[in-house]
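**Q** For reference, the chains in residue letters:
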Amino acid sequence: MINAIEILAYLAIALPAAGFVVNGLVLRWLTPARLGGGSDSRWASYVGVATIGAAFVLSLITLFHIVQNGAVESSVFNWIALPGLELRFGLILDPLTGLMLTLVSGISLLVQLYAIYYMREQGADQPNKNYARFFAFMALFTASMLGLVSARNLVQVFIFWELVGLCSYFLIVFWANRPSAVAAARKAFLMTRLGDFGFLLAMMYIAFNNPAWLEIPELYGAIHAGLISAAVASWIVIGLLAAVVGKSAQLPLHAWLADAMEGPTPVSALLHSATMVTAGVFLVARVFPLFELSNLQPLVAIIGIATALIAATMGMASNDIKRVLAFSTISQIGYMVFALGIGAYGAAIFHLFVHAFFKAGLFMVAGRVGHITHSFDMRVMGGVRKSQPFLYGVAVICGLSLAALFPLSGFWSKDEIVVAGFENGWAIGSVLLLAVSVITAFYTFRMIYLTFHGESRGADAAHSHRSEAETQAATNGGAARGRLTGFLRGEPLLSLAPLALLAGGAIVLGYLINPVGVSLGPIAKHSFSSFITHNPAVFPTPEAVIAAGGEPHFSWIVAFLSIGSALFGLLAATLIYGRGRVRFGLMQTAPFKHASKLFTRQYYFNELYETWIADRLFLKSLAKLVERFEIYIVDEFGDRLAAATQIVGAAVRRVQAGSVQLYASVMFLGAAAAFVIYLAILMFG
Amino acid sequence: MTLLPAATALAVWLARSRRQTYFIATGGALATLILSIVVFALYDRAAGGVQLIDYLAVDVGALISPSYFVGVDGLSAPLVLLTGILSAAAIAASYRIAHRQKEYFMWLLILETAVMGVFVSLDLLQFFIFFEFEILPMYMLISIWGSGQKRYSAMKFALFTLGGGAFMLAAILLLFFSNGVNTLAMVSVPEMGIVGIPAVLPLAELAAPAALIFSFFLVAFAVKLPVWPVHTWLPNAHTDAPTAASIMLAGVLLKMGGYGVYRICLGFFNSSAGGFSAHDAAQILAWFAAFSTIYGAVLTLRQTDLKRMVAFSSVSHMGFVLLGAAAISAGAATASSAGLNGGALQMFTHGAITGLLFLCVGMIYDRLHTRYIPHMGALIFKLPKAAILFMFAGLASLGLPLLAGFSAEILVFLGAFAVWPWQTAIAAFSVVLAAGYILITVGKVFLGQRPRYGVLSSKVYDDLRDIRWFELAPGILLLIPIIAIGLWPSLLTDVFEVGINAILGS
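First to last, the sequence lines map onto chains A and B. For the first sequence, our numbering gives the first residue as 410, with consecutive numbering after it. For the second sequence, our numbering gives the first residue as 136, with consecutive numbering after it.
Since the hints were made in silico from the structure, they are not lab data. No false leads were slipped in.
Cross-link-like lysine-lysine pairs, in silico, DSS-like; alpha carbons within 25 Å at most:
(1) B:K594 x B:K520
(2) B:K520 x A:K538
(3) B:K520 x B:K579
(4) B:K594 x B:K579
(5) B:K517 x A:K538
(6) A:K1033 x B:K579
(7) B:K517 x B:K579
(8) B:K579 x A:K538
(9) B:K579 x A:K1029
(10) B:K594 x B:K517
(11) B:K237 x B:K285
Quick look at which bits of chain A chain B covers, simulated, 3 or more residues with Cβ under 8 Å:
(12) 560-572
(13) 575-586
(14) 593-603
(15) 614-620
(16) 1024-1035
Chain B is nowhere near these chain A residues, computed Cβ spacing over 10 Å in every case:
(17) P661
(18) L910
(19) H962
Computed from a predicted structure; not experimentally measured. For glycine and all other residues, C-beta sits at the position ideal for the given N, C-alpha and C.
Could you put the whole structure together from the sequences, leaning on the hints where they help?
**A** Structure, rendered in structure tokens:
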């Protein structure tokens, strides 16, 4: 029977979906303008906030219920029922779902609040602001993401997985008249779709083995009962891993995420940092026993560590504040993937959780700064600290958290991953992560110094290639600057509250993991990890719980090492981009410049994928060849055959005048062809 | 129901004004739509089998005993519904036709009758007659109201289909000259004492090897479906046909091929007849399907004509129908059920989706008088409703979940992979290519900046008017099944399953 908590969870998904319909159809098209309808309807934002707010409340209730009572048994219904293939859908309400529901709806709610003001200021170069469209797709995204994290069947996961990608497409291409946005959205969808092909293959392969295993609880059961061999698991994992790599922007399908910054900043904050891109990590966590069973865990770990490292170096060299954050996101997700690859389930999910807060906070700061300076190009920014102390404060808190400095959230979550690396025999990975930590601190504070410190380098007058639209856009935004004075100068309350909450989260949430081994006030020891790993369906034995990081440890040595490396990066950034502007001799050498160029050009991945593979190799060579084949061989053959028929027809006409010649000749032709096919079938059949 | 459109065609002939003509034709099509909905709703899926039978044996005393035998089963009921929907949409969307308008609607209505006739005929000869008869109205529609190389395209269409038809006729004759096949009924109806070919074929002494008869039938349907390499008529015919004819052609005429494969190639030869059954050919079919799917998708990526692009995407998507059909497996009937159902569902969903795509292309062509994609751009700002309709159809075409295309594709993939893993895996890659051609097209046609050259660079762009409600209505009519099947595929799979079980069970 369907129970009350399940109904709440269904409602949490259905309400934002209803918000999409109301915003996208009812308000946009069916409500006349005098009643507040149309594409700029103010009501759209209220609908968005109300439905997602309600979803957040429902998710919180669900989470508390799961915290108290453990996973909830849920009912199922048939989506398709055929002999041999039943697709039964339903919900999984386990700790992972509870956490993700709350995280997604909570961050989404904050982003909606922030977006009310942001989108009002934005987009003055457009014929209209498309408020309704923006909030419609944000609501659909939230609904899809909530559906994704609670789906019970892999096909159901895939459905929402694709819908999330669709929302991403439409939100990146939000300013549809910008060719760069169109290209970026297409690239994002196609690259993730390439990965999703793997998801499809994985589902087919599971169905080939046993269609019932498409249901995740059945899959768990089969794994724990030893019905799935490591080889089978490995094949499935290869497919799923492709999808994970695509969606979570890991190597080698990472190249879309930086371009995705073409979308409005609230979109970047919600989709492309905090929630959607973590869907891949979520998927690995969801079928974690399968990954553990497969032989591919080392590959997962290597992908994670390589991505963390390479994306971080790209982040060092980018001049666009949003792109720095995008590369940072790719790099941080690399941490999570690495953690999953070494079996540290709890640490991975915890990093996913806290990362959402500080990264969404940083993106919101970047959006505000972009409005104030009319640019996202850090080369022309500077000096924002004086006029925007509040933004500066949030940026520093979230930045320190990202750089993993004690005592902020990021420190705790990353520390757990590094400790787990040492404990699980991946010491080299942990050492590399410490190196990434240096780079992370460096690019974070390079960003903060360039943006907030020093004097303005003329951002207001600058017309960098991507800021033209915003430059015009914010002429009215400039008026907002003088509105308030003091600490909160120029900050509307609507963007203030979400930022403050996210910064607060970036400070305190880290303690939830509490690895120290004693209760810290209200937080019991290991509270987060024991909650998330206390899931008998996934981790049936106490040993499995421990192995997944149910009781994380704390190591003073690792803590000092990671703080030291973060401080080292911070120091380097301070020396180079702070007041001193030190120019080291090393920076003038040729190898350094080559490396710098490599980072700036993002290791030439874009050239490889777009120019070489997609364009020259595929469209201009392979597809062209097929087209030539079609025109000059297949089609030509048909025409020649017709011409031959005409000759035969003419011959027949001489013998027998009448209108049957067409039929006759065609039948002759048919009989001849039939004979050929008959022979062919005899040979192959 | 079958004859109602033809009757309407007569009424159209009597109409006096252009308005009257349009409304009579649309009214007739809508009435047919309602009837087809009634038929679909009346079909009792619990009882199964063939229902709503009208049977009249015609004893001519010769060795041929043709009959008038119509009825629907689980396989044809949804296709009848599809024909009703698409015909209504196509006819309602033809309000702009000015040239020889009366004839135009008459041919269109006759076409509807012919297609309905194919789907409801259960006598093989009657089936063949309707199957061939459909060529005439379509030939007229393309050659008179078409564009571009319309005569060439119409002739190519007619020749290919006739060529295929010749094979079918040969196959029918071969069947009939076999000992032990003294029936032309395509199905058995035990209650009425009708014994169908599927029941007698395994015991019959065939006049020719069963493989030959099978492949003759197959060629006829492969042309229609179409399958590589006999697909080349399709891009020409689709591109040069008027909008309504394109909708009908892609939406329902291709389904006659798919229906034939299911009803005859699989239905007749499911059990071994003369040492041969459809299972023996399934592997080759699956390879052809996989090849068609990828080949069509790659070619779609190269098209610069909007209509040709949709046409080639049809070649790709109809490959899934054949792939689903090829999922018939010798071992377990249950294993193949999902694939077969998916292929059948794909017929319906592809009809609605491609119909909508052609409808939108027609809207654009009416305004721009070009279909050249590089000359388009930024249309969403001027034609938002048309753009949204196109995007819905396009997204459904690329297999976006919760729209119809996905429901069919996932069934084909999950079902066919169990039987033909390599072919299915290859075919499944076309979803990536589909995302490519749809998104590239949407980006070029609707988004971005208007081009600096071509028709839109002139005043035309500023004067573009979005579609009116009567243009929107056919689009909505097609959108409803797309969304409904996407959300709840069981609406149709429950019915298809009944028909497919009958095919597998016989």
